[in-house]
Amino acid sequence: MWLKIIRFIIDQYVYLLLIFLISLSLFILAHNNSPQIRTMQGEFADVFAFLHYPKVWVNDLSNLVEENQELKEENLRLALLNAQLKEAYLENQRLREMMNFADTTRLTILPAEVISQGTTPLYNSITINVGRKHGVAPNMAVITNDGIVGKTVSVGNNNTLVQIFLDVNFRLGVKFQISREHGIMHWQPNGLAEVREIPKTAIIYPGEKVLTSGFSEIYPPNIMVGEVVEVHQSANNLFQIATVRPSVNINSIEEVFVVLRK
Amino acid sequence: MLRKILLIIAFSLVAIIIQILFGPWLTIRAIRPDFLLILVLLVGRSEGKVVGQIYGFIIGLIADAIGLGSFLGLSALAKTIAGFGSGSLKKRRSRLNPILFYGIEVLIILIHFSIIYLINFKGVEITTQAIILQYILPSALYTGIFYFVIQYFVPLSLE
Chain E
1 MWLKIIRFII
11 DQYVYLLLIF
21 LISLSLFILA
31 HNNSPQIRTM
41 QGEFADVFAF
51 LHYPKVWVND
61 LSNLVEENQE
71 LKEENLRLAL
81 LNAQLKEAYL
91 ENQRLREMMN
101 FADTTRLTIL
111 PAEVISQGTT
121 PLYNSITINV
131 GRKHGVAPNM
141 AVITNDGIVG
151 KTVSVGNNNT
161 LVQIFLDVNF
171 RLGVKFQISR
181 EHGIMHWQPN
191 GLAEVREIPK
201 TAIIYPGEKV
211 LTSGFSEIYP
221 PNIMVGEVVE
231 VHQSANNLFQ
241 IATVRPSVNI
251 NSIEEVFVVL
261 RK
Chain W
1 MLRKILLIIA
11 FSLVAIIIQI
21 LFGPWLTIRA
31 IRPDFLLILV
41 LLVGRSEGKV
51 VGQIYGFIIG
61 LIADAIGLGS
71 FLGLSALAKT
81 IAGFGSGSLK
91 KRRSRLNPIL
101 FYGIEVLIIL
111 IHFSIIYLIN
121 FKGVEITTQA
131 IILQYILPSA
141 LYTGIFYFVI
151 QYFVPLSLE
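First to last, the protein sequences are chains E and W.
Residue numbers for the first sequence follow the numbering used here, so the first one is 1 and each next one is one higher.
Residue numbers for the second sequence follow the numbering used here, so the first one is 1 and each next one is one higher.
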């Protein structure tokens, strides 16, 4: 009996190995969101961080990198201030009597360099060169001066994997700057996004800016997300759907900022 | 043997670095060539089913972990199957009709991308037809073009 089993294993080891590897892959796939797998992924990213060095070297060829980074950081602060001022103007119009309006965009941010945009055709994340050592933790917002990029997912000591908004599973609470409507943004495989279930009575303008709502514990309020491309009726004709073009071109980002504290 | 292992490791490092460095530049409408799949196909058809599938699994897992292509384990799954399929072609290049030989390789590439995209878009409001037309076929074509160019330079040293 045992001999038969051993002979079977020896004869069919190629196929048994295939079944084992497929099963192992499926097991890892099924446990993707478990904290252990996420932690392991963060550590793994640290170990293989050296593979990203050539890209970092290429990026660092220019002597202006550091100065550029500082300027971009300053630019981000100014962009945030600008968005804040626009928000303040609109809010003042609506609530003229209100005074001592609180400043909500003083963010503690950490500049970081994008060292990888994924190695497979479907990249839903980027790797940045800051990690636990720098104060980064999972579920921190990642932004550029153009707007939202994503959130931190797996954090290693020196590197962090960031889930970017192109991920079809990414959800973001947003508001429309003029109409003040709120909604949940779903990213579409075509690179655009949709905000569904907007009441029919709401008037949304094409070109209207879309900002983070501030209801999330991850994303600060009033960060640029994109602008409305078009508005159409839902299939059941009960709601409106706004199609939004993201403000950040993910293919061209080289530096980002991690929001350490809202 | 040791020389061959070192050669495969060196090729893997080069492929990963090329993917990281040039992948974003070669991206057309979110479609980019998969140089790691190309290497899996080359190693598989050079070394056979066992090495092909083990190599596919390891390189897929590394790719998932360092770049978070999508879900951890997804590339490992797709590349294990690709490595196995490609390994079935070992030493058959001269025995098989070239059209059949390359047809099988195209089929392997298509299966690889079908696994990746169909699992990745599971639960997303996009039709299977759209996934095939917008993602699977363009990715397979793009990677296939690079594969058929690269294989003229690389496989001879591996086989």
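Derived by calculation from the structure, the hints in this document are not laboratory data.
A portion of the hints provided could be inaccurate.
Unchecked claim - Partial pick of chain E residues on the chain W-facing surface, computed with a CB cut under 10 Å:
1. Val168
2. Gly191
3. Ile198
Said to hold, decoys possible - Using 30 Å as the maximum straight-line C-alpha spacing, the simulated DSSO-like pairs for lysine-lysine come out as follows:
4. W/Lys90 - W/Lys4
5. E/Lys200 - E/Lys86
6. E/Lys72 - E/Lys86
7. W/Lys49 - W/Lys91
8. W/Lys91 - W/Lys122
9. W/Lys49 - E/Lys4
10. W/Lys122 - W/Lys4
11. W/Lys122 - E/Lys175
12. E/Lys4 - W/Lys122
Stated by the list, open to error - Estimated spans, in silico, between C-beta atoms of each pair:
13. E/Leu3 - W/Val14: 23 to 33 Å
14. W/Phe11 - E/Val58: 16 to 26 Å
15. E/Arg245 - W/Leu21: 45 to 55 Å
16. W/Leu96 - E/Ser234: 50 to 60 Å
17. E/Leu3 - W/Tyr152: 40 to 50 Å
18. W/Val124 - E/Asn251: 44 to 54 Å
19. W/Leu6 - E/Gln69: 45 to 55 Å
C-beta: ideal position from N, C-alpha, C; glycine also.
We went through each hint and held it up to the structure:
1. With its C-beta approaching chain W no nearer than about 5 Å, E/Val168 sits inside the 10 Å limit, and its interface hint holds.
2. Checking E/Gly191 against chain W by beta carbon gives a least distance of about 7 Å; that is within 10 Å, so the hint holds.
3. The interface hint given for E/Ile198 is violated, since its Cβ lies 17 Å from the closest Cβ of chain W, which is over the 10 Å cut-off.
4. Taken as a hint, the W/Lys90 and W/Lys4 pair is honoured in the structure, with Cα atoms around 16 Å apart against an allowance of 30 Å.
5. Taking the CA atoms of E/Lys200 and E/Lys86, the gap is about 26 Å. The hint holds against a cut of 30 Å.
6. Only pairs whose Cα atoms come within 30 Å are accepted, and E/Lys72 paired with E/Lys86 is accepted, the gap being roughly 20 Å.
7. With a C-alpha separation of about 11 Å, the suggested pair W/Lys49 and W/Lys91 falls inside the 30 Å cut-off, and the hint holds.
8. The suggested pairing of W/Lys91 with W/Lys122 is violated, with an alpha-carbon distance near 37 Å, which exceeds 30 Å.
9. Our distance criterion of 30 Å between C-alpha atoms is met by W/Lys49 and E/Lys4, whose separation comes to about 24 Å.
10. Simply put, W/Lys122 and W/Lys4 have alpha-carbon atoms about 39 Å apart, too far for the 30 Å limit, and the pair is violated.
11. A threshold of 30 Å between alpha carbons decides the hint, and for W/Lys122 with E/Lys175 the separation of about 28 Å falls inside it, so the pair holds.
12. For the suggested pair E/Lys4 and W/Lys122, the alpha carbons sit about 41 Å apart, so the restraint of at most 30 Å is broken.
13. At about 46 Å, the CB distance of E/Leu3 to W/Val14 disagrees with the hint of 23 to 33 Å.
14. Checking the proposed 16 to 26 Å range against W/Phe11 and E/Val58 shows it holds: the Cβ atoms sit about 21 Å from each other.
15. Between E/Arg245 and W/Leu21, the C-beta spacing of about 28 Å breaks the proposed range 45 to 55 Å.
16. A C-beta distance of roughly 53 Å is found between W/Leu96 and E/Ser234, which places it inside the suggested range of 50 to 60 Å.
17. The hinted range of 40 to 50 Å is satisfied by E/Leu3 and W/Tyr152, whose Cβ atoms lie roughly 48 Å apart.
18. About 21 Å separates the C-beta atoms of W/Val124 and E/Asn251, a value inconsistent with the hinted range of 44 to 54 Å.
19. Take W/Leu6 and E/Gln69: their Cβ atoms lie about 38 Å apart, and the range 45 to 55 Å is violated.
Checked against the numbered hints above, the structure breaks hints 3, 8, 10, 12, 13, 15, 18 and 19 and satisfies the rest.
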